[in-house]
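**Student:** Go ahead and model the full structure; you've got the sequences and the hints to work with.
Numbering-wise, my numbering puts 39 at position 52 of the sequence shown, and it's gapless, one number per residue.
Please note: incorrect hints may appear among the correct ones.
What the hints assert, rightly or not - Here are the computed lysine to aspartate or glutamate pairs in the DMTMM-like style, where the Cα-Cα straight-line distance is at most 20 Å:
1. Lys22 <-> Asp10
2. Lys40 <-> Glu53
3. Lys65 <-> Glu53
Please keep in mind that the hints were generated in silico from the structure rather than gathered at the bench.
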Amino acid sequence: MSNTKKPELAAYAEKAITPVMRDYIAWLEKETGYKVDPVSVQLSSMLRPAFQKSPGNQNRIADAAERAAARRSARAAKAAEPMSEKPAPKAVRSRKPATPKAGA
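**Tutor:** Encoded structure:
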């Protein structure tokens, strides 16, 4: 008896590829010109919802939301600063209109 435990979702890799999935694989190859691995396509299609719900992905989403909130907060704080504390805008030089040369 083996002490190695199969991953929880390993059974999905053993499932037969469905006719709809075969059509999808053929479509992918036709549209992209890329030869895909049928099992990988089926696994990615079937397991994407499980990945989206996974703790690791949920943590990644929460971390990204925190970073976005911090950026929004920093922008709001900067916008709320009194004008005297903000650096003056840089002057933009305006060009004088072109004048015709004498004798032209």
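**Student:** Confirm or reject each hint.
**Tutor:** Do the hints match the structure? See the list:
1. Annotation: proposed proximity of lysine 22 to aspartate 10 holds, straight-line Cα distance about 14 Å (limit 20 Å).
2. For the suggested pair lysine 40 and glutamate 53, the alpha carbons sit about 18 Å apart, so the restraint of at most 20 Å is met.
3. Between lysine 65 and glutamate 53 the alpha-carbon distance is near 18 Å, which keeps this suggested pair within the 20 Å criterion.
In summary, this structure violates none of the numbered hints.
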